[in-house]
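> So the protein lines, in turn, are chains A and B. No gaps in the numbering here: position 29 of the first sequence is 32 in my numbering, and each next residue is one more. No gaps in the numbering here: position 10 of the second sequence is 22 in my numbering, and each next residue is one more.
Because the hints were derived from the structure by calculation, they are not lab data. Be aware that a few hints might be false.
[Unchecked claim] Straight-line C-alpha distance at most 25 Å; calculated SDA-like pairs for lysine to any residue: (1) B:K303 - A:E125; (2) B:K192 - A:Y153; (3) A:K179 - B:R20; (4) A:K179 - A:E125; (5) A:K179 - B:S14; (6) B:K276 - A:Y153; (7) A:K179 - B:S218.
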Amino acid sequence: MKDTEILDLYWARNERAIAETQISYGNYCYSIAYHILHIKEDSEECVNDTWLRAWNAIPPNRPGRLSLFLGTITRNLSFDMWKRKNALKRGSGEMEAALDELVECVPAATSTEEAVEEAELERMINRFLGTLPERDRNIFLRRYWFVEEYREIADRFGMNLNTVKTTLFRIRGKLKDYLEQEGVVL
Amino acid sequence: MSYEEEKREAAMRLFGALSGVDEAYLAACEEDNCNCNDNTGKGAKSGIGVFVRRYGRAAAAVLTLAVLGASFMVYQTNNSKDGTAYFSEKAAESGGAFTNGTMMQDAAVMGAETPMEQQEQRVASSVRSDANEEGMVSEDVERYTLQPAEGADREDQMEELDSQLNAHTENAQGEMKKQKEITQLEAAKLAVVGDYLPDTWPTRGSISQISCDDTAGEETLTIRWSYGDNIDDFELSIINMGDTQPMTVADVSKPESYDERLYKVSHGETVPDEYSQVYSDAVFREEEFTKECVAARIIAYMDDTGDTVSFKGRFGVLYRTEDGAFVVVRFNGSGIVDEIWEMMESIDGQN
């Protein structure tokens, strides 16, 4: 079923919308959740919660790209669940590795400044991403948005594993420089 | 909260903020599933696809050897009264190349107990086959040979071996990727983008890497310059955009739209929204580009300690080719205004 037809079902408050969403985007959303959580049951719970959120959000929303709309909800829900379960401990896995890498992007803070607002931080990240060559940007997003492993990214783009690692290392350095130039405090 | 915990908290904020990435970027990311090795953009995720891609070239080498070996044996059998004797004689003459090659490989694979071991044996054996074929010395062969390991170490070794194998086969069979490293000489020979290489470079440092990429539908030549301290460097990208004009062309009569000296950090708050797009990625038309533009875009930044000042910035210059295509040369990184201006001024383009 096409996105527009699924959206029509949501707008008509027809519960078949959820079943059709599950068929079209179940695997996609599960994949996003699983990359973050690495636990089958938790991932399934996040995907089910995604459908509920979508049901409550559409209408009034009418997403331009349903996959991205759903994917973002799943990512947020999965990250929230991951935080709840890992707030007090350091675990292992790809999510931990991705966060450890993102620590390298954190600019040095100065005590007189206040932490940047969430929306402003998002805007800055978007601006930064806009300065990257498209392939670099996609590699970065694959790693830190989709939390994919290096090997997956290398396979996806037909690149050498070491090239992926080097590219991400370079982008993290650039992001840190950029945030520092912008005077960001996190 | 400890320093480490604060950093981690900040990293989590960054991760969370990434949920607000522009849909256009995510959409482009999702569409960019091109596997540059096979040029199909398909099959990147299938297990067989991954295996074929990783070991395909090695498998092709083994298959070629097997076919050649079989043809050779048939030929000798047909042209000799005693083919077996002839084969043994030739095997001895070749210093055991046959034995170490295909035959040994098959034996090793048959002796392996698990699929993983069989896979490892095949990869290692295929390298040995290639090595025999190319006259590599035994030390080289050992470099590609897998040592026994278990669990994660074994996975790491497989990855390492895979990486070595890729490097080896790439050297042997030529570069097939669209994104590739090239020499300065090769870069200069590239049609269109090669014409926009500067003649003058900064006095300190050297080119650390040149790569060419045409996977994004626009040809890009990227030159990385290293000043030698691994911190300060810059990247010069020459992009053939075809008919597409960049969105962020600056109007030099409006310095408030691009001059970084006019605003204080955080720029996100001080730069008016109407200029934010051009401000973040200013591109100047060739005919309007002056040293003043460079000075407006490369400004001083204090490091964390407050002791060192470095000059950094980013901007682009828009050229038109003889055919009317748009070419943008982007500078991004560190540099002294005078030197960067001289470098940019030395670009002749197609004039």
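> If a hint holds in the structure, say so; if it does not, say that too.
Consistency of the hints with the structure:
1. B:K303 - A:E125: 33 Å, violated
2. B:K192 - A:Y153: 19 Å, holds
3. A:K179 - B:R20: 14 Å, holds
4. A:K179 - A:E125: Holds, at roughly 14 Å.
5. A:K179 - B:S14: 21 Å, holds
6. B:K276 - A:Y153: Violated, at about 38 Å.
7. A:K179 - B:S218: 24 Å, holds
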